[in-house]
Structures are given as C-alpha cells and as structure tokens.
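Starting from the known structure of chain A, arrange chains B and C on it as the hints suggest.
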Amino acid sequence: MKEPALSRKQYTFAWLGLLGLTLLNTLIAFVNLGVWNTVIEIGIATIMASLVAGFLMHALYETKVVRIVVAGGVIWFLIFMTLTLGDYMTRGWLPFPGK
Amino acid sequence: MIEAVAAKTQKNYLNEKQGILSWLLTTDHKRIAILYTFSITAFFFVGGFFALMMRLELLSPHNWLVGVDTYNKLFTMHGIIMVWFFLIPSIPNTLGNFLIPMMVGAKDLAFPKLNLLSWYVFMLGGTVTVYALFRGGIDTGWTFYTPFSTTYSTTYVVAAAVGIFIAGFSTIMTSLNFIATVHRMRAPGLTWFRLPIFIWSMYANSVVLVLNTPVLAITLIMLAVERIAGVGIFDPALGGDPVLFQHMFWFYSHPAVYTMVLPGMAVVSELIPVFSRKPLFGYKAVAFSSVAIAVLSFLVWGHHMFVAGESVYSALAFSFFSFCVAVPSAIKVFNWTATVYKGSVSWDTPMLYAIGFIGLFTIGGMTGLMVAVLGLDVHLHDTYFVIAHFHYIMVGGTVMAFLGGVHYWWPKVSGKMYPEGLARVSAVVVFVGFNLTFFPQLILGYLGMPRRYSAYPEEFQMLHVLSTAGATILGLGYVMPLCYLIWAWHYGSDAGPNPWRATGLEWKSSSPPPMHNFEVTPVVTAKLPYDYEAMKEELQLA
Amino acid sequence: MPESATLACREQFRTPGQQRETASIGMWVFLANEVMMFGGLFVAYTVYRASHPEAFAAGSADMNILLGSINTAILLTSSLTLAFAEHSAQAGNQRLLGLFLILTMLIGLVFLGFKFTEYYQHFQEHKAPGIWFNDSSPYAASIQMFFVFYYVMTGLHAVHMIIGLGILSVLLFRAVLGTFTAEYHTPIMFGGLYWHFVDIIWIFLYAIFYLPGLHK
Chain A
2 MKEPALSRKQ YTFAWLGLLG LTLLNTLIAF VNLGVWNTVI EIGIATIMAS
52 LVAGFLMHAL YETKVVRIVV AGGVIWFLIF MTLTLGDYMT RGWLPFPGK
Chain B
58 MIEAVAAKTQ KNYLNEKQGI LSWLLTTDHK RIAILYTFSI TAFFFVGGFF
108 ALMMRLELLS PHNWLVGVDT YNKLFTMHGI IMVWFFLIPS IPNTLGNFLI
158 PMMVGAKDLA FPKLNLLSWY VFMLGGTVTV YALFRGGIDT GWTFYTPFST
208 TYSTTYVVAA AVGIFIAGFS TIMTSLNFIA TVHRMRAPGL TWFRLPIFIW
258 SMYANSVVLV LNTPVLAITL IMLAVERIAG VGIFDPALGG DPVLFQHMFW
308 FYSHPAVYTM VLPGMAVVSE LIPVFSRKPL FGYKAVAFSS VAIAVLSFLV
358 WGHHMFVAGE SVYSALAFSF FSFCVAVPSA IKVFNWTATV YKGSVSWDTP
408 MLYAIGFIGL FTIGGMTGLM VAVLGLDVHL HDTYFVIAHF HYIMVGGTVM
458 AFLGGVHYWW PKVSGKMYPE GLARVSAVVV FVGFNLTFFP QLILGYLGMP
508 RRYSAYPEEF QMLHVLSTAG ATILGLGYVM PLCYLIWAWH YGSDAGPNPW
558 RATGLEWKSS SPPPMHNFEV TPVVTAKLPY DYEAMKEELQ LA
Chain C
371 MPESATLACR EQFRTPGQQR ETASIGMWVF LANEVMMFGG LFVAYTVYRA
421 SHPEAFAAGS ADMNILLGSI NTAILLTSSL TLAFAEHSAQ AGNQRLLGLF
471 LILTMLIGLV FLGFKFTEYY QHFQEHKAPG IWFNDSSPYA ASIQMFFVFY
521 YVMTGLHAVH MIIGLGILSV LLFRAVLGTF TAEYHTPIMF GGLYWHFVDI
571 IWIFLYAIFY LPGLHK
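Protein chains in written order, with this note's numbering: chain A, 2 to 100; chain B, 58 to 599; chain C, 371 to 586.
One or more of the hints may lead you astray.
What the hints assert, rightly or not - One side of the interface only, derived from the structure: several residues of chain C facing chain A at Cβ under 7 Å: (1) M407; (2) H457; (3) V480; (4) A510; (5) A511; (6) L581.
Note that these hints are calculated values from the structure, not bench results.
Glycine included, each C-beta is placed from N, C-alpha and C at the ideal position.
For reference, chain A alone in the conformation it holds in the complex (with noise of 0.2 Å):
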C-alpha cells in the first residue's frame, strides 16, 4: 500500500490538540475531586497519546497487521496491569490472615 502521509496542517492541529490537552490536565489537577482526579489524568494522557499515535506516527493510516500490532500492545499492558492489581484489589477479603 502507499506510505501514509499527512499535510503539515494535520499534523500542526494535532500539536495544537496536545498542548491543549496537557494545559487542560494540568489545570484540572489543581482542583481536588477525590478518586476522579486519577480517572482524567489518566484519560487525558491516554487521549493525547491517541492522537501521537494516530496522527503524529499515522497508525491510523496504516496496514491492519501494524493496527493489531498497536492494539495488541495495549491490550498485553492492560492484562499485565489488570491481573496483578486483581492481586493486590483482593487481598484481605477473607478473614483469614495474609489471605
């Protein structure tokens, strides 16, 4: 397939997106909302790392084998992620000691 590439304009909104975005999580983490504050900054960054790599690094342009690829690495991160915190979530749940 032909190379993707974007024009200079897409790609200098994409930067104008980012820069938004980061002011904007820095802004909202001054303001205390409890367990919500983890929640948005993390959803902001995941956010503006979608556009480094959709638009920044065209994955969104790409071949579907490098779209799974992408997928697949995201997806391996969260199993690592979800399955250790599932250990540590479910500690003390029995009233047995160390269980």
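Relative to chain A, chains B and C alone:
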C-alpha cells in the same frame, strides 16, 4: 502442484564462500543457524555438567561432594544456562533460522543483518554470564527471588542479570525478524492456511517472546537498581513487596516456558505427517491452538505464586486459566495421534523422538494440571514433583523435539545422512535414561522431598540413586548424537534433496541448499500443506 | 525481481513496497515490545500508588510543575518538528529535511537540559533515594519509593531520548549525504516513530508524576 526451480549446482551455502570471516560476517540465515548451533550445543553441555554434579551430590543423603553453598550455585547456574542459553534459543535460532525463509519461499529473513547482530548479542550475553560463573557463580536460584537476590546474596547477581538482560535483546531481535518474515515474505500463493504448522507455531512463539521478554528486562533492571543503590523496591522495610517481584518475574517466565515448548510442538507437527504419510489431522485446529497457547500463556503466571501470598481470588483466577491453557495443548496431542492412526508409519529416528515427545509431553502436561489445582499445589509446591513436571516438558518435550528436528533436517542442512541404526539406538537410550531420571522424581515430590536441597532424609536415597543412574544414561544418550552427527557431517552418505519424500518448500531445493535458497521465487498452487495423497506420484520421483 | 539490490529494495525483497511494509511491521512490533518494557514499570508504580496514595501525592507535590509542564510542551513540539521532517522527506525536500531534523535535535537537547536541571534540584533538596534521602514526614519510606520510581522511569525515558538523539544524528548525517529521496526515506519514518513513541511515554510520565500532588 507445487512448482519451484532450484539450481542444481555444486555450489551451496556451505562452500560458496570460504574462510572464517565469511562465517563471522555472514548474513545468510543458514550460516547464522549453524553459528547458533555451535553456541547452544556448548551451553547445553555446560548446563548439563552442572546437572550431573547435582545428581552426583544427591547420591548420598548427606553432603559429600560439594558444600551447600556450592550446591546452591550449581542449581542456579544449571537453571540460568539451560533456560536462557539453551532452551529458549534452541529450536528457534537453529532450526527456525534455517528453515523459516525456506518454508515460506524467501531468499532470507526480513532483516539479515539484524539476524547476525542477534548472534553477537547472544554471545555477548553468554560471555557476561559465564564471567559471573567463573568469578564465583550465583546462588539465588534461576528465579532470582527477592529479598535474597537484592539484599542478602553475596554472589554475582548483577553480573548474571546483565548477561541475561543482554541475551534478551537477541531473543527480541530474532522474534521480530520472524514475525516480519512470516507476514510479508511468503511466496506468491502461500496463504496463511497453506503454511506448514512449523511456521504457525514459530510465529506464535515469536509473538510471545516479543511481548514477554521486555518485562524480564525491566524486572532485571529493577533488581539491579535495588541491589546497587540499596533502594528497597522489593524491600518490605521501605514499603516494598517481594511478591511484586514475583508477579513481574513470572509474567515473563510463564510465557517463557511456553516459548520452550511451542517450537518443540512446531517440529513434532512436521515430523508426524511425514512419517505417517498422512496429512496432519485438523490442520486449522492445530494452527489456532498455537495462537491460543500463545495468548492463554499470559494469563496464568500467578500459578507459581499460589503459596507466596497472593490473594485467594487471584489464585482462583490463575488456576482457572491454567486449566484453560491445557486445552489447546491437548488438542494438538489428539490431532497428532489422529494423524498417526491408520497412517503408514515408519520408525525412523525423527519419528521415535516425535512419538517420545507426545508421550512425555502428555505426562508433563498432566502433572502440570495437577499442580494447577490449588489444593494439590499447597502440598506439591517447591517439591521434586514440580521439578519432574517441568523436566518432562522441557527435556522429555523440547529436547527430544530438538533432537528429532536435528535428525530430520540434518540431510537438508549438511547434505549427508546420519547413521540410522546408531541414531535409533541413541533415541532409545535417551528415552530410557530420561524416564529413569525423572519418574522417580515424581514420586520423590509426592513423598515430600523439597527442591533445591542437597541433603535429605535417608528413606529418599533409593529414588535419588535411581534418578542419578538415569541421568548418567541420559547424558550418554546426548553424547552419542554429538559424536555420530559430527562424524556424519564429514563421512556420511550423500542425501538427495528429499530423502524423506516429504512435502514442504524446503525439500524442493538441493541438499545443502544454494546460498539464496531458490533461484526463482517459488509459486505455490497446492491447496493443502501436507497433501501426501495428491502428491504421491511426485514424491516417489523426488 | 531486481537484478541488483538497492537501498530501497534489498536482495531478499521482491519490490520496494514489500521492503517498506516488512520494515514497518518490524518497527511497530519493536514499539509494542517497548510498550511492555515501560509497562512493567507502570504496573509496579500503580501497585505502590494504590497502596500508598498520600505518600505518592506528597512526593508528587515536590515536583516542579512549571518546569514539568514547559518540558512537556517542548517535547511535544519536537514531535511536531520531526513530523515536519518526515513530511519533507516524503516530498523529497532535502534542505527542509535537514533543517527540521536539526531543530528536533536541538529541542530534544533543551528537554534533556531542563530534565537534568530538575534532577539537580532534587539532589539539592535531598530527594534522591538512598543515602541522600532526607525527609521527616511520617511516610518518608513511601515517599522515597515514589522518588525511586520517578528516577528509574524518567531516567529510562532520558536514556531512550539520548538513544533517540543518536538515531537522529545518524539520520541527519545520511540526509546531508543525500541518501534520502522521495522514493526512499524509510529510515526517517521509522526513526520518527521511535521519537514519537518516546514522547508518548513522557505524556504518561508527566501525568503520573507531576499531576497527583497539585491538589490539596
């Protein structure tokens, strides 16, 4: 009909360029495979030497040969060398390197220079690890559990960790190469479902390695940082959790053990159809099982930590997934068996090893299911039962598959046949030696003999003596092929391009193959990869 | 099948398109591999933050948010200039290619400069882990854990940036030699992918180290 034109010239990849530099600077995947073969064979015998020393020590219930500190170093170095410098690279970097481009009809791998670099990186990692060995060894066990490895061990932990870290890069480079090759360098007409199962399994294997090896890298970095800087990442005094190390270590190491068995399965899936003269039963099931094993292997790592302190719910989940991962492996065993059934079986050496693999891998897999049961594992964890379980898979499985593959493709690689009679005898010696070594260990574990102990209660001595006797026989069984294969390289009778009358693109070229495998890119029009019926006539002529 | 191998279509490939696609798969698989490497650190960080939220917030409060946010903007800009370099390569404009590569490298150096300034500040305040650590709060041990992760993760990131600068230098050198044309410029594209990926890592590092301690 599969059509390919291979140049029938006297020149082949072995003699086309001469001189030591043409080998050390080669980018030919076949020559690199030979370079790797030298390396892993050397490491195998080093690791085997440590095993022999351990078995000699265990002849007596009391320490008689080496002290406990040395014994700790022996089992650690045996594990490290065997796992990272033999088992993981063995089939992929030797048979995989040699065969993958040929099986997909390509001239070389996707990135030949990266391939050569991977061998040098592997050798560098091996050198650093051997350096740690000579400086005095390491005694933490191949599992590097904290806080012993980070705080209390006085041996060369960081050096060994660095060696393994470097070798990991070699693995990643090779796996990357294989993935890119299988995706984009297949010959025209070679669709995914016309590929040999060897390619499917090696591909799945490479995907696993690319995803798990970096986690090992980061775990070793954290281990080294804690040990050098004295900051307690895994130290309870600083709020650290030693079990977190285990989570990170086993996230890598459990899929890693599947990367030792998937290549073995890849080889066996090639051997069984040829020596049964029948297409592989359930091709798609076997192909998808390789992928399923690769995926599921990442969901089970906590089964190494059932008694380490992880939560019961977490343990339940890991136990459940461990049951799941046995299913695709079992599917493969059933399909291999169905292939042999009503086939026209010839008992050449590769087939002996393949059948041996099926039987021993099944026992290994069943014992694995047993330790996946939470209640049983409480009793069996850290006993000889676990040791026997994984040796049934790694030695009874992978090593036998490796030997089977080496014998099967020997005529292609060297152009010569090995002595069949002697080879059959040594296959039987290996089988007998293996079972005598490891079956008593299943019993020992059940009776409660802990692993990594050099002294033990008197009542276990008989079983240990049997095991050591078996180990000696097994060692003999490994030395025999080393000798006769080297002999056959020089003095064996000439093998034609296809002595086994097998299907597969690699058998279309001459033996040994020319430098670029194929003079003209083959075009594949056959509907099935193992169509022995349809190809009967052509194969008789081959 | 080309008789002689060229840069755009080496011996083992049939067409330049096949070479580009194969190289693309190789590069992206490598990036997935890097995701797992940094991922391990993120998992470990998450485990500890989940069990010591106040300590991690306290540690984060010690970060210099001004420097951190400016640095983030700087790094994001370097990704833009690099994307422009890739665009120039695709258009075959060698002069702009060289220019944007140099610009990217300079911005990257500024980022590293600010980063090391930050590290130096932390050392001065006795926030480096190990023997230098000095904190009197009740959860000093956990705050030290925060800083261990901060140093290891941003340190690993910095190592990747230095490697990235090395890669960009090599690309610049080859660009100056005139190697890259509109037909063949894949090393530029893949070097770019590496740099953008390191940028993504920083986006997450910024979120987890600089932001948690900002609110009371």
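Okay, the hints, checked on the actual structure:
A cut of 7 Å between beta carbons decides the hint on M407/C: the least distance to chain A is about 10 Å, and the hint is violated. Interface restraint check: H457/C against chain A, minimum CB-CB distance 6 Å, threshold 7 Å, status holds. For V480/C, the shortest C-beta to C-beta distance to chain A is roughly 16 Å, which exceeds 7 Å, and the interface hint is violated. Nearest Cβ of chain A to the Cβ of A510/C: about 22 Å, over the 7 Å cut. The hint is violated.
The beta carbon of A511/C is not positioned within 7 Å of any beta carbon in chain A (closest approach about 18 Å), and the interface hint is therefore violated. The interface hint given for L581/C is met, as the beta carbon of that residue sits about 4 Å from the closest beta carbon of chain A, less than 7 Å.
Hint check: violations occur at hints 1, 3, 4, 5; the rest are consistent with the structure.
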